[in-house]
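With these hints in hand, go ahead and build the complete structure from the sequences.
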Amino acid sequence: MTELNTLGLAEARDALRKGDTTSKELTQACLSAIEGAGALNAFVHHTPEIAMKQADAADIRIKAGDAPDMCGLPLGIKDLFCTKDVPSQAGSRILEGFLPQYESTITSNLFGAGAVMLGKLNMDEFAMGSSNETSVYGNVINPWKVDDRDLTPGGSSGGSASAVAADLCLAATGTDTGGSIRQPAAFTGTVGIKPTYGRCSRWGVVAFASSLDQAGPMTKSVRDAAIMLEAMCSHDPKDSTSVDLAVPNFEALMTGDIRGKKIGIPKEYRMEGMPAEIEKLWADGAAMMKDAGAEIVDISLPHTKYALPAYYVIAPAEASSNLARYDGVRYGHRATLAAGDGVTEMYEKTRAEGFGPEVQRRVMIGTYVLSAGFYDAYYNRARRVRTLIKKDFEDVFAQGIDAILTPATPSSAFGLGEMTDVDPVQMYLNDVFTVTVNMAGLPGIAVPAGLDEKGLPLGLQLIGRPWEEGDLLSSAYALERAAGFVAKPSKWW
Amino acid sequence: MLDLTYDLPKVKTIAGAKHDWELVIGMEVHAQVSSNAKLFSGASTQFGSEPNSNVSFVDAAMPGMLPVINEYCIEQAVRTGLGLKAEINLKSAFDRKNYFYPDLPQGYQISQLYHPIVGEGEVLVEMGDGTARLVRVERIHMEQDAGKSIHDMDPNMSFVDVNRTGVCLMEIVSKPDIRGPEEAAAYITKLRQILRYLGTCNGDMQSGAMRADVNVSICLPGQYEKYQATQDFGHLGTRCEIKNMNSMRFIQQAIDVEAKRQIAILEAGGKVDQETRLYDPDKGETRSMRSKEEAHDYRYFPDPDLLPLEIEQAWVDEIEANLPELPDAKKARFVSDFNLSDYDASVLTADLDTADYFELVANGRDGKSSANWVINELFGRLKKDEKDITESPVTPAQLGGIIDLIASDAISGKIAKDLFEIVYTEGGDPAQIVEDKGMKQVTDLGPIEAALDEIIAANPAQVEKAQANPKLAGWFVGQVMKATGGKANPKAVNELVAQKLKG
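One line per chain: the protein sequences are A and B, in this order.
Residue -14 is where the first sequence starts when you use the working numbering, and the numbers rise one by one after that.
Residue 3 is where the second sequence starts when you use the working numbering, and the numbers rise one by one after that.
Careful: at least some of the hints might be erroneous.
Said to hold, decoys possible - Straight-line C-alpha distance at most 30 Å; calculated BS3-like pairs for lysine-lysine:
| # | chain 1 | residue 1 | chain 2 | residue 2 |
| --- | --- | --- | --- | --- |
| 1 | B | 504 | B | 442 |
| 2 | A | 265 | A | 473 |
| 3 | B | 99 | A | 334 |
| 4 | B | 93 | A | 376 |
| 5 | A | 375 | A | 3 |
| 6 | B | 504 | B | 419 |
| 7 | B | 439 | B | 504 |
| 8 | B | 93 | A | 223 |
| 9 | B | 192 | B | 93 |
| 10 | B | 504 | B | 370 |
| 11 | A | 375 | A | 290 |
| 12 | B | 416 | B | 439 |
| 13 | B | 473 | B | 386 |
| 14 | A | 375 | B | 93 |
| 15 | B | 370 | B | 493 |
| 16 | B | 419 | B | 370 |
| 17 | A | 334 | B | 150 |
| 18 | B | 20 | B | 177 |
| 19 | B | 87 | B | 12 |
| 20 | A | 223 | B | 150 |
| 21 | B | 484 | A | 69 |
| 22 | B | 177 | A | 375 |
| 23 | A | 223 | B | 192 |
| 24 | B | 467 | B | 419 |
| 25 | B | 332 | B | 12 |
| 26 | B | 473 | B | 439 |
| 27 | B | 245 | B | 262 |
If you're looking for bench data, these hints aren't it; they were derived computationally from the structure.
The structure displayed is predicted, hence computed values, not measured ones.
Here it is, written out as C-alpha cells:
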C-alpha cells in the first residue's frame, strides 16, 4: 500500500470502511509527514494529542458501522478558524496567546463527523495576501520548486495548499475572500472550492470581509472536495447570513456527465499581457469540456474590469471595521506602555505592533474609503459596481449557461520575495480572475489542469450557479478527468 | 377616540440684553428596550449584576463572533412605533458606527442610520394648564448600548464593565418642536408614560434606562414660524447637543443655561458653533465635549453580518391589534365614562397601575367620588408612608366597599375617613368593620330626636337666637352629632333641627 498520508479523502474513507487501515495509522502517517516537513512552514500549531484522541474515537465509530464519510480522516485547519483551547491567531501577532473558548461551526461540523485535527495551518495575516508572506509565522514554502528557488504556495490559504500538496494531511480547510482558496490551489496543483456565500457558516471564523468571506475545502481531488464540502456546510442560526437550505449529497451529484451542458467563456477574462501558456491552458480546458459533450459558448461579463478595484474598496472597508476589535483591551497582544500613556497610546502602540504592514495598509484604505466625504465616491460606488457584477452573472445564467470556465490565476507560482518590493497593486492582480466570484457570492472551483513550461502546476476555474455546487463539482470532475493531472512535487523537504 | 382639544402653550422667551429670544429644542431619547436578552446576543440584561457577568462571546467581541437579532426587541420597537402613531418600516437595516472606546468591544456600535425601523410619529404633550403641544417624532431606530468605563477606582488604571454592552436601545428622535424647558420635561414625561403603558421601556431614568440628548438652539421671535412653514432649518439658529442627560431637573436647567450662553454669544456679535456639550450641574454650565480636531468620523456603513431586516405587515397588524389602551385614549375615556375633570383624569392615568386601580374602584360606582377617594385619601396616605400604588395596603375592593357604605348612607363621610384608616392599618372587610365597631350611621329618628329635645330644653337662649337667625341652626346639628358619637345621619339631623326650631 502507498504511504497512507498520500491518500485522498475518498480513498482513505474506503480503506477505513474495508478495514484496510485505521484512523490511528492514517493520523500517525500524517503526523510523521508533518514532523519531517518543517521546511515548508505549513503547520504552525501541532495538535498530535488531540489528533490521536480523535483518531481513537473515530476508529471505534468506524468499527461500529455507520460512521460518516469524514470519520477518521486527518485534516489541517487554517489558523483563521477558532478551535477551542487551541491557539487561533489568524497568522497575526495581535492574537498572540489567544485561546478561543469556542469551536467554529465548520470545525464543529467536521469533528462532529469524526474528522481528525492535525494542527493549525499557516496563512497570510488575517487572510490578507496572495503569497503567504504576511504571516507572523513567516512564509510558507510551496512544495513545488523551480531551480531550487523557493516559491510561494499562494495565499491566503497558503499553509493549507502547501500541506495538501505535500501530503502532510489528507485535506485542509481554507477560506476565500477574493481567491484565497482557488489561487493557492492553482499554485500547488490541488483542488479548492469556494461555495456559494451562505453555504458555510462564518461563526467562529476570524472575519476579514464579512460580505465576501466563505470557507471551503482544499483537497487532492474533486471527489474529495465534494465529500468534505458536504461535511462543512450547514444552516447555522448563529450566522445570520447562513442559508437555510438542505445540503445535498455532493458526491452523488458528481457524475462527471456534462453532455449538453453549456460552458461559458467570458471574453473579458482575456487580459492584456496574459501569458500564452495560460491562454493555451484555457483553450485546452474548453476543448476538453467540448470533447466531454459540453457546448462551449462565448459570453460577456461586461463589468469584469471594475471588479478588482471595487473589491479593493469593499474588502478593506469591511476589514477596517472588523479588525477594530483587536485593541489590546480584552485578549491578544497589548503593547507595553510608557508612564503617562493613556488609552489612545494603548490603541496606537498595540495595533502598530500587532498588525503587519499589509494589514495596516488595508485598515487604512478601508478607513479612508468609509470616511466622511469619500464614502459615496468609493464605498457606495463600489457597492453599485458589485450589483452590476452580480447582474452580469445573473444575465448569463439566465441565458442557460451552466458554468463559466476561466483561468484560475494569471500565472503559475512566483518566487517568494519577488513581489514584496513591487507596487502592492501587482500583488492584488493575482485575484483578478477570482474576485468577481466573491463579489457575486457564487461558487467557484479551481482544478489543476496542466503544467507550465517551468513544470509548475496551473489551474482552471469553473464558476457555477448559486447553490448548485453539486452541478459545479460535476463539471469540475469532468474537467479533472479530461485533464488527467497527476503530477506531484518531488520531495525535497 | 380623543376629542379633547387644546390650545398651544405660550412659547417661552428669554430676555437678552438686546432682544427677546425664543427656544427651539429637539430631543433624542435613548430608551432601553424591556427584554430579557440583549439585541444581538442571548446574554441577560439584568441591571445591577456583578460586573462583566452578563457577557457572551458576541458581547465581548471575540474573534469570529456574529450578531443574531433578538426578534423580541424588534417587536418592542414596532410596538413603540405603533404607540407613537408612527409609520412602521417593513424594511430596515443595521449599520455600523465605528469608533474606538474600551467599553465598546467591537469597535463599532450596531445602529440604524440609513433605514430605521420606525418613521414619523407624534406625541401629544399636555402642559397641565389646558394647553398642549403636538411634538413630531422624526424616527425611532434600534441600536446597541455601550458598556461602562470606570476611571475613579484606581489612580493608574481604568476598568471596564461590559454588562450593558449590546443591550437594545431605541433612539426616539423628535423634530425641533419643543419650545421651552418645561415642554422638554413634559415631553419626556409623556414619552415615558407611553413607553411604560406599552411595556417597551421601564422608563427608569436613575438606572439609565432612559436618557436624553437635548438639541438646543435659539432664534428671534417669528423665525420659528418661518421654519414651520418651510421646514427649512436655515431659519433657525445653530444647535448644540447636550449629551446624556438622565434627570428631568437637569434637563430643564441645562436648556436654560445653554440658551443663555448662546444668547450671550450672539448678542456679543459671535457665532454659535455646532458641537456636542455636557452639562455640569455642580457649576451650572455646559461645556464643550470635544474640539473640532477630535470630532469623530463614525464611518457608518451597512453591517455585512446582518441581512436587511424585513418584517411582515400581518405581524405588525397583530402587534397593533394587541396594543394596550394608551394614555390619551384612557384619559379621554375616564373623562367621558367617569365624568372626571381633565385634571383628575390626568392624575389617574399618569401611570398604568394607578389607572387600573382607579378603574377597579370606579366600576359600578360614582366616578367622581371614586376619584376623590383615590386622589385625596389614598394618595395622601400612601405618600405619608412613601409607598406607591402597587404597595397599597387597601385593595380596590376594600376602597370600593368604603365608598359603597357612604353611598348607601350606612356611614357618614367623616366616619368613612376613620374607617379608611382602620382598613389601611389593620385590613379587613369595611362592611364587617362598620358592623363590628358600631360605626353605622344612626338613621332611626327616635334617639336623634331624644337627644335634640334634651339639647333644646337645656339651651333656651340658643333656641331663641337660632329662630331669629336660621344660620345658627348648625350649632344644634353639631351638638346632636357630638351626642350621638358622630353616627347620626347628618341629613336627618339637619331636617329634624329645622323642623323643631320652627316650633
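Tell me, in ascending order, the numbers of any earlier hints that this structure violates. Going through the list in order, the structure violates hints 5, 6, 7, 10, 13, 21, 22, 23, 24, 26 and respects the others.
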